[in-house]
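With the hints as constraints, model all of the structure from the sequences given.
Chains as they are written, first to last, in full-length UniProt numbering: chain A, 1 to 408; chain B, 1 to 408; chain C, 1 to 408; chain D, 1 to 408.
Among the hints, erroneous ones may be present.
To be verified - What follows is a list of derived Cβ distance ranges for each label pair: (1) Lys5(B) to Lys383(A): 17 to 25 Å; (2) Lys174(B) to Asp381(D): 33 to 41 Å; (3) Ile64(D) to Asp362(B): 39 to 47 Å; (4) Glu150(C) to Ser2(B): 20 to 28 Å; (5) Glu150(C) to Ala401(D): 22 to 30 Å; (6) Glu65(B) to Pro179(C): 51 to 59 Å; (7) Lys407(C) to Ser2(D): 22 to 30 Å; (8) Asp362(B) to Ser235(A): 45 to 53 Å; (9) Ser235(A) to Arg175(B): 41 to 49 Å; (10) Lys5(A) to Arg230(B): 56 to 64 Å.
Simulated from the structure, these hints should not be mistaken for laboratory data.
Yeah, the Cβ is synthetic: ideal placement off N, Cα and C, and Gly gets one too.
4 protein chains.
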Amino acid sequence: MSAPKKVVLAYSGGLDTSIILKWLQTEYGCEVVTFTADLGQGEELEPARKKAELLGIAPENIYIEDVREEFVRDFVFPMFRANAVYEGLYLLGTSIARPLISKRLVEIAAETGADAVAHGATGKGNDQVRFELAAYALNPDIKVIAPWREWDLSSRTKLLEFAEQNQIPIAKDKRGEAPFSVDANLLHTSSEGKVLEDPADEAPDYVYQRTVNPEDAPNEPEFVEVGFERGDAVSINGEAMSPATILTKLNELGGKHGCGRLDLVEGRFVGMKSRGVYETPGGTLLLEAHRGIESITLDRGAAHLKDELMPKYAELIYNGFWFSPEREMLQALIDKSQEHVTGTVRLKLYKGLARTVARWSDHSLYSEAHVTFEEDAGAYDQKDAAGFIQLNALRLKLLAARDKRLKK
Amino acid sequence: MSAPKKVVLAYSGGLDTSIILKWLQTEYGCEVVTFTADLGQGEELEPARKKAELLGIAPENIYIEDVREEFVRDFVFPMFRANAVYEGLYLLGTSIARPLISKRLVEIAAETGADAVAHGATGKGNDQVRFELAAYALNPDIKVIAPWREWDLSSRTKLLEFAEQNQIPIAKDKRGEAPFSVDANLLHTSSEGKVLEDPADEAPDYVYQRTVNPEDAPNEPEFVEVGFERGDAVSINGEAMSPATILTKLNELGGKHGCGRLDLVEGRFVGMKSRGVYETPGGTLLLEAHRGIESITLDRGAAHLKDELMPKYAELIYNGFWFSPEREMLQALIDKSQEHVTGTVRLKLYKGLARTVARWSDHSLYSEAHVTFEEDAGAYDQKDAAGFIQLNALRLKLLAARDKRLKK
Amino acid sequence: MSAPKKVVLAYSGGLDTSIILKWLQTEYGCEVVTFTADLGQGEELEPARKKAELLGIAPENIYIEDVREEFVRDFVFPMFRANAVYEGLYLLGTSIARPLISKRLVEIAAETGADAVAHGATGKGNDQVRFELAAYALNPDIKVIAPWREWDLSSRTKLLEFAEQNQIPIAKDKRGEAPFSVDANLLHTSSEGKVLEDPADEAPDYVYQRTVNPEDAPNEPEFVEVGFERGDAVSINGEAMSPATILTKLNELGGKHGCGRLDLVEGRFVGMKSRGVYETPGGTLLLEAHRGIESITLDRGAAHLKDELMPKYAELIYNGFWFSPEREMLQALIDKSQEHVTGTVRLKLYKGLARTVARWSDHSLYSEAHVTFEEDAGAYDQKDAAGFIQLNALRLKLLAARDKRLKK
Amino acid sequence: MSAPKKVVLAYSGGLDTSIILKWLQTEYGCEVVTFTADLGQGEELEPARKKAELLGIAPENIYIEDVREEFVRDFVFPMFRANAVYEGLYLLGTSIARPLISKRLVEIAAETGADAVAHGATGKGNDQVRFELAAYALNPDIKVIAPWREWDLSSRTKLLEFAEQNQIPIAKDKRGEAPFSVDANLLHTSSEGKVLEDPADEAPDYVYQRTVNPEDAPNEPEFVEVGFERGDAVSINGEAMSPATILTKLNELGGKHGCGRLDLVEGRFVGMKSRGVYETPGGTLLLEAHRGIESITLDRGAAHLKDELMPKYAELIYNGFWFSPEREMLQALIDKSQEHVTGTVRLKLYKGLARTVARWSDHSLYSEAHVTFEEDAGAYDQKDAAGFIQLNALRLKLLAARDKRLKK
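Below, the structure is given as structure tokens:
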């Protein structure tokens with residue numbers, strides 16, 4: 001790879017990406033464009049602008065954007081249409097944010113004439129893969145710089161030295177090492193590393209940042225009604241809201257009741273297992289509610305096909321293949337299934353639990369006339385079941401007859 | 001089908017199967033053998049013996065058996081090795097008991113020279129299918145009688161008339177109709193019908209019989225350690241126990257803390273949707289713990305393959321195909337994966353929540369040396385990730401290059 | 001089911017459906033509308049009109065239509081986009097025609113105010129299922145009459161008697177029984193039954209009707225170029241043609257060279273195995289060519305996902321679920337994949353073989369720069385493969401390390 | 001990676017691996033052990049011994065082995081139980097041989113105290129991945145040396161110079177470059193590169209080495225009967241044979257009749273597409289015959305499950321994951337299905353075609369009593385089909401009723 005001339009950096013304004021910014025300038029002598037996105041991580045963005053300016057970035061090279069609506073509408077919601085969970089439990093909160101960041105990096109590169117993008121993910125994790133696969137899928141000629149895989153700033157001490165030598169301001173609380181590493185966006189907060197590295201030790205309570213401990217949650221349950229149209233949440237308690245507003249509101253509700261905590265050991269795409277603590281309060285409610293509305297509006301054949309394909313779909317997102325033909329093919333299949341996933345679900349929230357307790361829809365396939373224990377009004381002829389069973393049994397009978405025959 | 005001469009009836013001792021017993025005698029004039037199984041449903045069996053005798057069944061034709069260990073060891077545990085859930089949520093508590101009952105019916109038929117078996121499931125549900133497919137798979141020549149599909153006792157009034165005419169004792173509380181229908185065994189209790197028929201109405205609290213309301217559960221969390229060997233639970237809090245004892249103990253723990261309640265609308269194999277309320281306290285703990293131990297002992301490739309096949313496996317059990325080549329093939333695959341699923345999981349139980357908070361094993365694949373945020377001791381070379389990403393990206397780059405080329 | 005008042009009958013004009021026509025009139029006293037479709041079965045349709053008139057059908061109740069273009073465009077081509085084969089070999093020639101016939105029956109019922117449709121398929125085969133599932137999926141209130149499951153005309157003798165009693169003309173060659181049963185349309189001809197019932201006996205040569213014996217095919221190979229756009233064949237040897245014309249032309253070519261014969265034992269949806277002899281000359285060429293053009297234009301991820309889902313897709317069509325949400329979902333996925341399946345394939349036809357020998361496309365993903373044995377121009381860095389392998393190997397190493405550790 | 005001390009080299013005796021041998025000695029100064037296997041590639045092995053000696057390898061460090069029986073019994077046959085084909089067409093002839101070679105390399109390393117193995121595959125292909133994943137899966141601490149990814153002998157000229165400088169004899173016909181690259185073993189011969197690099201050009205006839213051109217094949221068809229036991233071929237024309245003997249015999253038959261030629265563009269695991277010409281004469285016959293015997297002995301449920309999983313199984317083998325938990329899990333599933341795959345198939349071979357024309361077995365599930373067009377003897381009640389269809393249709397009717405309702 002020839003040296004980059006101009007790089008768009010995914011810049012948080014924090015110490016690490018500030019060091020990267022400086023390192024790109026000194027190592028490659030290249031111009032740097034910063035991109036700072038509000039994905040709902042709950043941090044002010046303007047300090048990032050000031051810090052970038054301080055590090056010598058020209059105002060026109062500082063991009064700061066609120067992408068929360070795009071994030072929820074075009075990434076989170078399509079994923080939730082699939083009921084996607086990775087390894088049975090993980091709601092993919094980090095995975096789903098990376099492609100959007102890469103998309104903007106590549107787009108800004110095109111706008112600014114940059115030939116490279118850079119990110120602050122390490123060489124051990126999944127995020128590097130997600131950033132880079134997305135970038136290459138959107139621009140095959142882009143260069144991607146991953147400083148953590150390249151430089152020799154491999155210890156905290158060296159990093160701080162580099163910062164000091166380069167006049168990068170270091171917040172007081174960053175002098176010591178954080179007891180674990182955090183990633184956050186509107187969908188979730190993840191914590192990993194350091195104090196969490198031994199999966200035999202329970203995660204200390206201070207790790208959780210976004211949800212109350214269920215033991216401290218209200219002693220009274222709360223009910224919430226989520227309205228859906230074509231598979232996407234569109235209202236809460238009857239009030240229509242934008243995608244990001246809905247997720248924000250669900251986060252408040254879920255966080256207040258201690259919902260969505262997960263302590264997981266997962267298999268990384270790069271080959272090792274890692275332990276993460278995830279908080280996905282709103283997403284946990286959304287998944288439960290989406291399953292609830294599908295339960296009455298989605299045909300069994302459609303639902304089972306979705307269920308069979310979900311693990312593969314979730315794996316693709318986890319592994320960084322959001323921008324791939326196979327993810328898009330699966331999305332086409334999933335979206336096709338959601339045409340009638342419209343209606344309302346009532347959830348009960350209490351001490352970490354979020355359970356569907358009622359659901360209704362004009363699009364419902366549930367037929368009381370068919371299922372009732374009351375005497376039939378003719379909707380269903382029980383005698384049909386005899387033929388149904390006989391023909392389903394036929395191949396099993398032929399198998400059993402073979403066994404009998406061969407044993408003689 | 002020619003008339004049966006001798007029938008083995010799945011007999012609970014309750015009013016409905018007593019009516020069936022009598023109806024078989026009068027309708028077909030055939031000899032009846034009763035089979036009453038203790039599957040952990042929590043009812044005394046001896047009254048069934050007395051009632052059968054009262055209805056004229058000879059002592060040698062009354063079979064009463066405790067099959068709880070067989071049920072858990074040969075049916076429940078193999079199923080939990082797969083983390084089987086139907087339609088994302090249902091733990092298959094009713095589905096998994098039916099094949100065992102059919103197996104004993106067919107075996108007793110062989111022992112007693114009976115040419116038919118009979119069950120008390122209706123013509124609308126899944127259970128008829130499960131009973132009959134299992135029976136035919138085990139004996140292709142057996143006759144299966146499903147009185148509910150045949151007779152004209154189609155209302156409560158007619159049933160009670162038949163009972164009175166035939167001197168079948170009717171317990172006082174059976175005169176009125178039950179407000180919902182119940183099935184229970186060691187794994188779960190299910191309730192459906194009547195007051196539960198409108199899925200837009202929350203299930204009344206009196207429906208739940210086996211778990212306390214989470215709101216009434218203890219205010220202090222409780223921890224429990226489940227030990228596994230080759231995928232099966234073998235101990236609780238360090239104490240080795242038999243399969244049925246383990247499930248019984250987990251039921252106590254889960255029930256006390258309000259775990260395992262589920263209110264679900266599901267797609268029946270016979271084509272309509274139905275709403276059920278399930279309580280699976282021990283099973284809910286077992287599933288969570290099994291996932292927890294797999295998370296450190298099961299390879300990612302193995303785990304993902306299991307995840308992809310689980311929905312099909314669950315569907316087969318739900319639909320009644322336990323005794324089918326494809327279920328057995330999937331079981332062979334699943335069992336192969338469990339060779340190292342050995343170790344211990346600590347669960348935290350609180351107000352309906354059951355969460356894995358720690359897990360450890362001599363068979364663990366988790367490697368702190370690989371995942372650590374500390375400086376590497378050489379276990380992992382971050383530079384390898386660059387090549388890994390490049391080759392994973394190659395086909396995406398070729399796709400993007402095509403798009404670029406065609407747009408020119 | 002209440003008695004039908006007006007029935008639309010799938011009418012071939014042959015003896016069997018003429019008997020059905022009369023039986024409907026006499027059994028139910030209902031008005032009959034006939035629908036005769038040209039699906040490319042190679043028979044004149046006008047004789048069917050005359051015969052219907054002879055049997056008392058009013059001219060406005062006689063529907064005769066050439067649906068060949070619709071058949072190929074909306075049914076055959078979408079299916080071939082999936083490379084669908086049932087049980088590894090069968091090209092689904094009969095299965096794919098049934099939904100179209102049912103669709104027209106239901107539409108004509110709506111136009112003519114009929115409340116029922118009728119077909120001539122027996123109670124043992126798959127076709128009854130295909131006809132009826134399609135009809136019910138399009139109109140849930142339609143009645144479907146399947147005379148072969150209802151009447152007592154269960155032998156050839158009885159059928160002929162009924163025909164004679166009802167003045168139905170019997171062609172001389174229909175007095176005796178045909179040595180096997182035939183179904184034909186533009187995609188294929190199938191033969192089964194009678195002389196073919198023992199799968200241990202080779203099918204006699206006179207069974208084949210549409211393809212020459214490869215031994216009698218030309219001694220010179222012939223080349224043919226098939227052009228594709230977005231997954232569908234659009235030209236032959238450079239000449240643009242309509243869908244039905246293309247299939248007709250491919251049939252001529254394939255038939256001349258003895259391509260597309262298949263002798264198969266297959267598993268029917270209704271539970272038993274049956275043996276069929278199929279001739280699909282054009283379809284065989286089309287499948288080979290479609291695979292050929294996909295091989296250079298379809299990404300590996302997309303192709304493998306299609307391959308994994310194909311058996312389920314084929315099974316759905318075979319079982320009669322063309323008009324089902326899950327088939328439509330899979331179709332959405334498949335169609336999404338075909339956006340760039342555009343280009344040309346050269347086939348070599350010789351003595352029953354049809355092999356792709358060359359393929360080219362502006363949409364090709366094949367990159368000589370990447371694959372070449374020549375010295376690299378920098379498109380691909382072989383050193384990347386080391387990292388790629390290391391990270392793919394990591395989980396396997398961790399597994400092997402565990403085995404080593406536990407053996408100590 | 002620290003420098004290896006002793007290396008086991010997969011050594012063919014040809015020029016390229018001789019250069020590698022010398023390069024290992026000079027580059028790393030390490031001791032070399034050679035392993036030359038007879039996989040049925042059709043070359044004498046003793047010249048390899050002489051050449052190794054000439055290059056200074058001690059006799060005790062030269063391993064020459066006939067592994068043909070192990071190859072067919074433990075690798076080829078298990079794979080054919082799955083009917084494995086990659087991307088619809090490729091019989092995986094190269095892929096399946098690599099794990100066996102790696103297994104022996106690792107075993108010989110253990111025997112001889114070597115700390116490394118080496119192979120002659122390039123950095124662009126799949127074989128490097130297959131060799132290395134297998135090696136690491138069997139010994140996590142082994143070093144693997146892939147000289148083609150390391151050295152600078154990147155052109156033919158440099159290679160020949162190195163050979164001359166190191167007194168490596170160069171056969172006259174190796175001075176010029178081969179017009180394409182070849183790999184061969186008992187299962188297949190593959191050719192790729194150079195003259196084959198443009199997939200729009202038909203492969204020249206001289207590329208084919210193992211099969212006659214169908215146009216030159218005998219003008220008379222030949223029949224062959226293949227006997228199977230539990231999924232594996234055990235006899236030809238009634239004569240029992242060892243696995244390798246059977247494959248050898250099938251190769252003769254297939255080669256004589258021009259069967260098993262394939263010209264394919266495939267997607268490599270490392271990301272690019274490549275074009276290969278494959279000849280798999282015996283394997284083509286074996287696949288056809290195996291499908292034939294399965295068609296009468298394998299239950300539909302079992303067969304369809306196998307079909308759905310086959311693409312994934314084939315992909316695993318293609319990508320080099322033979323020694324992985326997921327391949328072993330799938331193998332357990334597949335092997336379970338083969339318990340009754342016993343019987344005989346008659347193939348007709350003619351001008352490149354190999355078609356099943358008859359099959360029979362004591363284990364057959366085919367029941368003429370059920371399928372017959374003759375009047376029933378009571379094995380099957382056609383009326384059962386009505387109930388079967390009604391219940392299969394129920395969910396489709398509910399869908400159609402919803403559509404109707406919503407349109408009002």
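Against the structure, the hints:
no.	hint	verdict
1	Lys5(B) to Lys383(A): 17 to 25 Å	holds, 24 Å
2	Lys174(B) to Asp381(D): 33 to 41 Å	holds, 37 Å
3	Ile64(D) to Asp362(B): 39 to 47 Å	holds, 41 Å
4	Glu150(C) to Ser2(B): 20 to 28 Å	holds, 23 Å
5	Glu150(C) to Ala401(D): 22 to 30 Å	holds, 25 Å
6	Glu65(B) to Pro179(C): 51 to 59 Å	holds, 56 Å
7	Lys407(C) to Ser2(D): 22 to 30 Å	holds, 25 Å
8	Asp362(B) to Ser235(A): 45 to 53 Å	holds, 51 Å
9	Ser235(A) to Arg175(B): 41 to 49 Å	holds, 47 Å
10	Lys5(A) to Arg230(B): 56 to 64 Å	holds, 58 Å
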